[in-house]
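Chemist: One letter stands for each residue in the lines below.
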Amino acid sequence: MSKRKAKYAHLPIGESITQVQSMLRERLCNQRLPDKPEGTEAQHKHLLELLRRTAIHGESNSVLIVGPRGAGKTMLLKCVLRDLLEDKEAQKSLLQVHLNGLLQTDDRIALKEITRQLHLENVVGDKVFGSFAENLAFLLEALKKGDRSSSRPVLFILDEFDLFAHHKNQTLLYNLLDVSQSAQAPIAVVGITCRLDVLELLEKRVKSRFSHRQIHLLSSLTFTQYLQRVQSQLSLPQDFPDVKFAQDWNDSIKTLCEDKSAEEALRRHFNSSKDFRSLHILLMLCLSRVTVAKPVIKPADLLEASRLCFVDAKANMLHGLSILELCLIIAMKHLNDVYEGEPFNLQMVHNEFKKFLQRKSNSMYNFEQPVIMKAFEHLQQLELIRPVDGSAAKTQKEYQLMRLMLDHSQIMEALQKYPLCPTDVKQWAMSAFG
Amino acid sequence: MTSVLQHPGYDEEKLRRVTEQTPCREAQTGLLLSLMGQPQQYSYPSIFVYGHRASGKSHVMQVLLKELELPHATISCVECVSNALLFEKMLLSLFGCEAASLLPRTPSLSDFVRVYRHQCVDSPATQTRYIVMEKAELLRDADVNLLPALLRLQELVDDNLTVILLSEITWDKFRPNTGCYEPLVLHFPDYSKGDLQQILSRDSHPSYSADFYSSYINILLGVFYSVCRDLRELHHLAALNFSKFCEPLAEGKVKESDTHKLWRNIEPHLKKAMQTVYLREVSSLQWEQMQQMEEKEAGALKGLSAHTHVELPYYSKFLLIAAYLASYNPARTDKRFFLKHHGKIKKTNFLKKNEKTSNHLLGPKPFPLDRLLAVFYSVVDSRVAPSASIFSQISSLVTLQLLTQVSHDDQLDAPKYKCAVSLDFISAISRTVNFDIVKYLYDFLDPDTAASQEEWVNRGYVSRVRDHPSR
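Quick note, the sequences are listed as chains A and B, same order. The numbering used here puts the first residue of the first sequence at 5, with every later residue one more than the last. The numbering used here puts the first residue of the second sequence at 78, with every later residue one more than the last.
It is worth saying that the hints were derived from the structure and are not from the lab. Treat the numbers as computed from the prediction; the structure is a model and nothing was measured. Each residue gets a CB set at the ideal place from its N, CA and C atoms; glycine is no exception. Errors might be hidden in some of the hints.
[Claimed, not checked] Taking lysine-lysine and the DSS-like style, the derived pairs with C-alpha atoms no more than 25 Å apart in a straight line are:
#1 A:Lys318 <-> B:Lys250
#2 B:Lys250 <-> A:Lys337
#3 A:Lys398 <-> B:Lys394
#4 A:Lys398 <-> B:Lys442
#5 B:Lys394 <-> A:Lys401
#6 A:Lys378 <-> A:Lys358
#7 B:Lys212 <-> A:Lys378
[What the hints assert, rightly or not] A few chain B positions that, by computed beta-carbon distances, are all more than 12 Å from chain A:
#8 His129
#9 Ser291
#10 Thr410
#11 Ser459
Can you make the complete structure from the sequences, with help from the hints?
Modeler: Here it is as structure tokens:
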């Protein structure tokens with residue numbers, strides 16, 4: 005036993021780091037399935053039972069998995085499928101059809117995809133069907149087993165289920181759910197959606213054929229559970245080749261989670277969103293800073309990653325504007341303050357800017373109207389100002405009404421960080437009325 | 078100063094070439110490289126990079142992907158207006174022409190994913206494949222399902238693939254209604270003044286020293302930096318004006334170190350460039366030609382705006398003047414301006430307090446045809462009969478887009494118009510017919526003092542007119 009351990013004990017550090025990166029990247033980026041379901045045991049059991057009844061006992065079912073984005077719905081389904089297919093009998097007879105609302109935007113396309121995934125293109129050949137229902141019935145007929153007693157169970161997985169509800173007449177949904185209610189063939193329809201109000205989208209006849217079985221993944225994590233999740237996402241498994249390295253790594257992750265500043269940062273993330281995806285983005289940014297020279301994740305990495313996640317994008321864009329454009333934004337802010345948010349046009353902004361210039365003796369910013377117009381158009385292209393809905397064709401460009409898409413605090417924050425900002429511009433911004 | 082890029086899995090020589098070609102962008106290149114990881118490892122399915130234009134986003138991506146020889150497809154959303162073009166280009170770059178030809182005539186996203194998966198079976202990814210989409214803000218206007226599908230393309234095709242979106246607009250404006258797979262958002266900060274100086278000084282002319290060129294760039298930035306920070310524009314301006322800068326040197330009048338004299342020579346020239354070439358009023362070719370001509374011969378450079386000053390017939394000019402007065406004067410003040418015996422109208426304190434209502438800030442107002450003709454007859458000095466030629470001149474003014482028709486085409490008996498010219502334009506026109514338009518404008522009216530009139534004469538808007546019709 006100890007001899008075997010000694011053989012695999014030590015890899016060079018570069019190799020280990022590469023292994024760590026590969027493994028964790030697969031987990032964070034490619035959604036590698038965990039061995040056990042985390043925090044969703046009840047839902048896992050429920051779904052597994054349901055699908056087992058279809059696969060083994062030939063019972064038709066329909067269920068919806070509902071949860072916000074990044075809650076782990078697809079992960080749950082894949083885990084359940086993996087566990088289901090461990091059963092020999094299910095593996096032999098179960099057929100799967102995966103449809104996605106983003107790809108199959110039309111019922112016709114969906115039907116072709118179903119035919120393709122059931123490998124029945126040759127059987128269908130060049131047949132022309134009168135209706136969707138006929139086509140589907142033919143496909144299911146073709147799946148009947150040799151003794152014509154029953155057909156093989158088919159599992160239909162509909163990702164982005166709410167998009168299927170926008171198809172014309174909801175034919176696909178109607179027919180699938182109809183088959184699941186009648187005794188034609190054992191099918192299971194599993195819908196995955198992020199909309200809680202998905203049942204409102206269904207037509208009456210479709211809704212009545214649905215079993216109204218919903219599995220909710222509304223996470224009710226506490227902060228301690230969140231920290232545990234962070235730890236488990238970053239920990240290395242037992243079968244890592246270099247055992248000592250894995251041990252050191254897992255210890256360092258533990259100390260990371262116990263560090264005060266890191267905990268602060270994680271709490272901030274927890275307060276804004278608890279789902280898997282935002283966590284994965286944060287951890288990915290931390291992981292990318294792990295190199296051979298620095299083979300652990302330090303609290304400073306976590307803080308830097310957190311800062312990158314929470315930075316204000318518009319303030320970043322304001323940082324790169326020219327001084328003329330910044331002055332125009334300050335003029336717009338003053339107009340908004342004086343006239344309480346009413347829309348403005350270029351002439352008004354220019355007028356406001358000229359009032360500022362009159363007070364200062366230096367004519368450094370005395371630009372012609374066309375130059376100011378070009379700066380104004382640049383701001384429009386960056387979508388920092390937006391035209392009020394109206395007939396844009398009928399008004400001249402200088403008189404078209406616009407609204408400012410920034411608020412007071414963003415402008416003030418940007419001014420603080422603006423490089424080489426002239427003091428008179430800053431003072432003008434701080435003054436109450438232009 | 079420049080740190081060396083290092084990453085296991087990529088050749089050091091190649092990384093050195095990357096650093097050379099991406100000056101002042103080491104931090105961003107390093108971050109991108111660390112996110113990409115080693116070629117065989119997975120990377121985050123979608124990355125969103127935002128930053129100002131000409132801040133190096135496309136350039137850094139291209140340099141990284143080309144030098145490190147990674148399989149990639151670069152797509153500009155401006156070119157690929159339809160889905161077919163988009164999918165074909167992606168398959169062509171990643172798998173070759175046979176794959177692209179497998180797509181049906183009008184491919185849907187479903188067809189694309191099917192063909193991609195089929196190709197993956199034959200050639201699975203040994204390295205991460207990258208799809209770079211430039212000008213990604215145009216994806217928002219394409220099919221509704223395209224953007225969310227691209228963001229999770231790695232999951233849909235089950236391959237080691239990363240989609241990178243480059244855009245000028247922030248991610249908040251992209252998010253679809255029901256949410257989507259959130260990408261990793263990265264910011265490319267703008268270049269600082271020092272960075273711009275460093276990058277622009279790289280293309281120094283061989284026959285002059287590098288210091289000379291960087292002093293030229295310094296002067297250029299001094300004039301243009303407060304207006305424009307776009308690297309491409311500055312590069313263009315630097316290339317156009319360098320020959321003029323070197324002119325005194327070539328003529329032997331000054332030496333390279335006489336920066337003050339060189340500055341005095343070039344500064345008015347650069348200021349002129351701001352009003353013409355920067356605004357694209359003249360083309361670069363015209364600018365270069367103008368530089369080569371002598372100063373006296375140069376004369377007035379005809380910009381694009383000059384072409385809008387068309388020669389109008391006599392009555393059309395008065396029609397236009399009448400339209401301008403009708404647009405910018407409130408209807409109740411017509412009596413005061415155009416009748417011989419008028420009462421005084423109170424120029425209200427209202428205007429002084431609430432300056433926003435100055436009509437020149439709000440824009441032109443619509444007026445009916447009758448009002449236009451009434452003003453026209455009182456403004457024009459000779460007796461003119463209402464005939465079809467007058468009405469047809471109104472229509473031709475609309476075609477020239479000097480007037481805009483506000484009412485619907487169906488309304489024939491009471492059409493409404495708006496005047497679409499600026500104050501400078503109308504002042505130039507009224508000068509040609511010896512008409513003092515400022516005296517008739519409500520916004521410039523000050524019955525108390527004559528000071529305002531003096532002011533407008535001094536600004537050159539009007540010339541003194543001997544006979545004033547309405548007083």
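Chemist: Against chain A, does Thr410 of chain B hold up as non-interface, every C-beta pair farther apart than 12 Å?
Modeler: holds (21 Å)
Chemist: With the threshold set at 25 Å, check whether the alpha-carbon distance from Lys250 of chain B to Lys337 of chain A stays at or below it.
Modeler: holds (21 Å)
Chemist: Are the Cα positions of Lys394 of chain B and Lys401 of chain A separated by 25 Å at most?
Modeler: holds (23 Å)
Chemist: Would you mind confirming whether the straight-line C-alpha gap from Lys398 of chain A to Lys394 of chain B stays at or under 25 Å?
Modeler: With a Cα-Cα distance of about 22 Å, the restraint between Lys398 of chain A and Lys394 of chain B holds, given a limit of 25 Å.
Chemist: Taking the minimum C-beta separation from Ser459 of chain B to chain A, is that value above 12 Å?
Modeler: The assertion about Ser459 of chain B holds, with a minimum of 32 Å to chain A.
Chemist: Does the alpha-carbon distance linking Lys212 of chain B and Lys378 of chain A stay inside the 25 Å limit?
Modeler: Distance of about 20 Å is within 25 Å: holds.
Chemist: Regarding the pair Lys318 of chain A and Lys250 of chain B, is the alpha-carbon distance no greater than 25 Å?
Modeler: holds (11 Å)
Chemist: Within a Cα-Cα threshold of 25 Å, do Lys398 of chain A and Lys442 of chain B meet the stated pairing?
Modeler: holds (12 Å)
Chemist: Is the Cβ of Ser291 of chain B farther than 12 Å from every Cβ of chain A?
Modeler: holds (19 Å)
Chemist: Just to be careful, I want the Cα atoms of Lys378 of chain A and Lys358 of chain A compared with a cutoff of 25 Å; is the pair within it?
Modeler: OK: Lys378 of chain A and Lys358 of chain A at ~17 Å, within 25 Å.
Chemist: Please settle this one: His129 of chain B was flagged as non-interface, so is its CB more than 12 Å from every CB on chain A?
Modeler: For His129 of chain B, whose nearest Cβ neighbour in chain A is about 4 Å away, the distance does not exceed 12 Å, so it is violated.
Checked against the numbered hints given earlier, this structure breaks only hint 8.
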